[in-house]
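Peer 1: Here is how the chains run, residue by residue.
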Amino acid sequence: MVDRRFFENYGPFSLAEIAAISGSELDNKANAERIIDGIATLDQANSRQLSFLSNVKYNDQLATSKAGACIIDPKYRNRAPSGMALLLSDNPYKAFALTAAAFHAPSTALPSIAASAVIHPTASIGDNCSIGEHVVIGSKVEIGNDCIIGASSVIQDGVIIGHNCKIASNVSIGFTVMGSDIILHSGVRLGQDGFGFAFDGKTHIKVPQLGRVIIGNNVEIGANSCIDRGSGSDTVIGNDCKIDNLVQIGHNVELGRGCIIVALVGIAGSTKLGDFVVVGGQAGIAGHLTIGSFVQIAAQSGVARDIPAQTIVGGSPALPIKQWHRQNALLSKLLKKSTTND
Amino acid sequence: MVDRRFFENYGPFSLAEIAAISGSELDNKANAERIIDGIATLDQANSRQLSFLSNVKYNDQLATSKAGACIIDPKYRNRAPSGMALLLSDNPYKAFALTAAAFHAPSTALPSIAASAVIHPTASIGDNCSIGEHVVIGSKVEIGNDCIIGASSVIQDGVIIGHNCKIASNVSIGFTVMGSDIILHSGVRLGQDGFGFAFDGKTHIKVPQLGRVIIGNNVEIGANSCIDRGSGSDTVIGNDCKIDNLVQIGHNVELGRGCIIVALVGIAGSTKLGDFVVVGGQAGIAGHLTIGSFVQIAAQSGVARDIPAQTIVGGSPALPIKQWHRQNALLSKLLKKSTTND
Amino acid sequence: MVDRRFFENYGPFSLAEIAAISGSELDNKANAERIIDGIATLDQANSRQLSFLSNVKYNDQLATSKAGACIIDPKYRNRAPSGMALLLSDNPYKAFALTAAAFHAPSTALPSIAASAVIHPTASIGDNCSIGEHVVIGSKVEIGNDCIIGASSVIQDGVIIGHNCKIASNVSIGFTVMGSDIILHSGVRLGQDGFGFAFDGKTHIKVPQLGRVIIGNNVEIGANSCIDRGSGSDTVIGNDCKIDNLVQIGHNVELGRGCIIVALVGIAGSTKLGDFVVVGGQAGIAGHLTIGSFVQIAAQSGVARDIPAQTIVGGSPALPIKQWHRQNALLSKLLKKSTTND
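Protein chains in written order, with the numbering used here: chain A, 573 to 914; chain B, 573 to 914; chain C, 573 to 914.
If we strip away everything but chain A, and leave its shape as in the complex, we get:
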C-alpha cells in the first residue's frame, strides 16, 4: 500500500473513471461503479485496491491475489480469480502508469526561492519555479517556467534549462543546454571535462574540452550519472532518452531519440547511437563506434565494433545474440564431454 507519509492520494476513483484514465476497458460493465481506494502489488492489494499484471513471472500471484481489480492483457483474463474486476488493456503497464499517476500525482512544491539560494543577478528564472536551499545559480543562466531545482545543486555560468524541469539535490551542471520536461536525479554531473590527454612519451597533456552537453526534451537521467561535455563538437542526448543511475557517457557521444541506458553502462567518447537503442546494465561500448537504431545490447556486453540497426547482441566481445547463446551452449556441451572423458 502506498505510504501516505510520502505520497498524496487523490482517489478514490470508480472503475469507470479508471478505465477512462487508463485507456482500458472494463471486462464486466457491472463493475463500473465499484470504488477503488488506491493501488498495490498483486500480493499486497486488498479488495478496495487495484493492481496490474504485465510480467508473466507474476502469473502465479494473480490466482491468489486479493486485489479488487486488476489491469490485465485480455489473453490472461481467464487466469484471474472470480470476483476480481478486470480492466483489459493491450499495454497493462502503460495503463497502470496512467492510473498510478492519477492516484498519486507528485505533490508540487509551492513556487518559491529559498533565502539561502545564491543567484547571480544576470541569471533569469521563469515563472512558478521552486529554487531550493543553498542552490547556486551562475551568471547568465536561463531557467524556464515551472522548474524545480533541489537543495545544494549548482548551475554554472551560462547554462540553459527549459520549462518544467525537475532537478533533484546535489546536482552539478555546467556547459549544458537542455530542453524541457527533463528529470535529473540527485548527484547527476553534467558538462565536466571529457577524458582527453595527449601522451608525449613523458607525461599526459590535458586536451582542452571545448564542447557542450546538449539535452533534448523529455529526458530522465538517474542518480550519480555523469555526462561529459564534448571536446570540440558536443555531447548530445536526444529527446525521450531514459538513462539509469551511475551511467558514464563520454565526450562527443550522441544518443538518438528514445534510447534506454541501464545502470552502470559506460559509453566511450565519440560513439553515436541511433534511435531507440537499448543498452543493458553494465554493458560497455568502445569509442568512435556507430550503433544503429533499435539495436539492443544485452547486460554486461562489451561492444568494440559498429552494430547495424535492429541487431541484438550479447557477450564480451559482443556477438549477435543467437550466436552468443549458441556459443554458451557449445561451451556447456564441450565441458560435459570433457568431464565425462576425465
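Calculated from the structure, these hints are not laboratory results.
Careful, some of the hints might be misleading.
Heads up, the list lumps identical chains together, so a pair's fine if it works in one copy or across two of them.
Computed list of lysine-lysine pairs in DSS-like fashion (alpha-carbon distance at most 25 Å, straight line) [unchecked claim]:
1) LYS844 <-> LYS629
2) LYS774 <-> LYS647
3) LYS894 <-> LYS905
4) LYS774 <-> LYS738
5) LYS894 <-> LYS712
6) LYS601 <-> LYS638
7) LYS908 <-> LYS778
8) LYS638 <-> LYS844
9) LYS778 <-> LYS629
10) LYS908 <-> LYS894
11) LYS844 <-> LYS774
12) LYS894 <-> LYS601
13) LYS638 <-> LYS738
14) LYS738 <-> LYS778
15) LYS601 <-> LYS647
16) LYS894 <-> LYS629
17) LYS629 <-> LYS647
18) LYS908 <-> LYS844
19) LYS894 <-> LYS909
Because the structure is a prediction, the values reported are computed rather than measured.
On the provided structure of chain A, position chains B and C as indicated by the hints.
Peer 2: For chains B and C alone, coordinates are given in the frame of chain A:
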C-alpha cells in the same frame, strides 16, 4: 603509523589490556606488561607497535617484521620472529578490529546544530545530534538520538532515521525509513525514482514510483551508491548489510540479513537476496530473480537465473563456480591444442 | 565551433604563431600570415578555422573538410585537400591540445571567498584562492595558493591541498594529503572508510580504517569517482595519474606515476600498480595484486593474478591479449563447425 593529524590515539595499552580488549590470548604471559603505543602494518610497525596477520599473502612479511607484537592464528605462531610478542586468536582480523577501535575511537563531533542548516519546524531531532553546515531537513523528518548529519546533506520530507546514525556529506535521502547504527558515506543517494517506463510504441511513459526504501539496523552504504525506492512495494535492505561504493540497487530489490555487496555491483529491479549473500565487485544480477541465502557470486559474474542457497557461482552468464573454473581450463587446453596444430 | 556562451576566445592567431605555440611546422611557409579565428572538428571547421587529424578513423573526413588549416602527421599530408594549410607534427593530438589551450584558456574566477562559505578559524588558505558558495572547510585544513574550490564542496578537518588545485562542486574530501596542480571533478569522494569487515560467524564487525589518501602532483580525478583511505597504510595516487569518472579505488591501493584509469573501473584493496599502467573502462582488478609498469588492461577485463611489467591483457579472467584474441577466434571457429554439423 597512524597519522595524528587525522586520528586520536587513546593508547598506550599493555599487552594484557589488548588481550582483554581483543579476546585473544598471550602466547607468553611474561609479555603481559609490555607497552604498545599504537598499531601499524607488518612491514611498517616498530617494536612499540602491534600488527596482525590474517591473509596468508603476507606470511613473508611476518618473518622480517619489526613489530613488537602481532595478533596471529595459533597455527602460524612458529613463523613469527623471536622477540615478537604474540596474541593468539582464531579470528585475528576481528581481534585486530577490536584493538584498533580501542586505540583510535573516532573523534566525536560535539553535538551541535550548524547555524547554516535549514531545518523545517515540523522536523524532530533527537538528543546529542550533530547537524552539519548547509544541511537541509524537510517537513516531518524524524531523527533519533546521537546522529551525525554531514555538511550539505539533504533529508527530504517525511524521512525517518533511527539512533546513532552517521551520515556523511553531500548525501541525498528521500522516501526512506531507516533503523539505527547506520553509516552512509558521502554522496549516497536513497529513495529516488526507480527506472520504470512503459513503452507504447512511440515513447516511454514514466511509471510513478510509489514505494519506499526500508533500511534495517547496523547497515553501511558506500560512497556514491544508489538505492532506488520501490515502485509499489518497497526496496528493503536487511540488518547488518554492508554495501560498498558505487553500487546500484534497483526498485523493489530486497536484501536479507548480513549481505555483502562489493563496489560497482548492479542489482536489477525486484530481485530478492537471502541472508549473508556475498556479491563480488562489478557483478550484475538481472531483475525478478531469487538468490538463496549464503550464495556467493564471484566478481564480474552475470546472474540471469535464480540461484539456490549456498551455491557459489562465477562467470557471465554465471555457472556453478567449479564448472566455471573447468570451463576456463578447458578453453585454455583447447587453445593450446589448436596453437600446436597451427 | 566553440560556443562563446561558455568559452572565451583569445584568438585570432596567425599560422606562424600557431606553429610556434604548438611545436609544429608549416608545410608551406607562404601560409605563415594566414589568420585563424578558432578551432573546430574536421567536419565542422570553416576556412578561418583550424582542425587536426590524430585518429585514422577520421581520414575520410579530411578529404572533404572545409577547414582552413589542419595539424597533421607528415605521413598523411598528401591526403589533405588542396588549399588546406598544413601544420606538420609527429604528435598532432598534443600540438592541437597546446593550440586549443592558447585559443581558449579557461576563464579564471576572480580570487574571492564567498560569504556563504564556512571556514574554520584554524584553517589556512593561500593567496589568490577562490572559495565557492556554501563550501565548508574544517579545522587545520591547509590550502595552497591559486586554488579554486567549487560550490558546496566539503573539506574535512586536517586535509592538506597544494597549489593550483581546481576542485569542482559537491566534492567531499577527508583524511587526504594532496599535492599541486590537481583537478577534482564534481562529486569526487576522497578518504571515506575502506570496505573492511571481520566476520565472526554471526555478523560483520567494522574494522577501523586508520590510513589516509595521498595524492601526488598533476593528477586528475573524474566526476563521482571514489578513493577510500587506507586501512593502516595509505592509499596512494602517484604523480600524473589520470582517473576517469565513476572509478572505485579501494583502501591501500597504490598507483605509480602516470597511470590512466578509465571510467567504471574497480581496483580492490591493497593492489599495487606500477608506472604508466593503462586500465580500460569497466575492468576490475582483484585485491592484493601487483601489476607491473606499462601494463595495459583491456576494457572489461577481470584481473585476478599479478601481471608482469609491459604485458597487455584482456578477458575475464584476463589472459595475455594475443591468447585472448586467439581464444575468441577459436570459439568462433568451433561455433561455425558445430553449426555446420547441426
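Peer 1: May I ask which of the numbered hints given earlier this structure violates, with the numbers listed in increasing order?
Peer 2: 5, 7, 12, 13, 18
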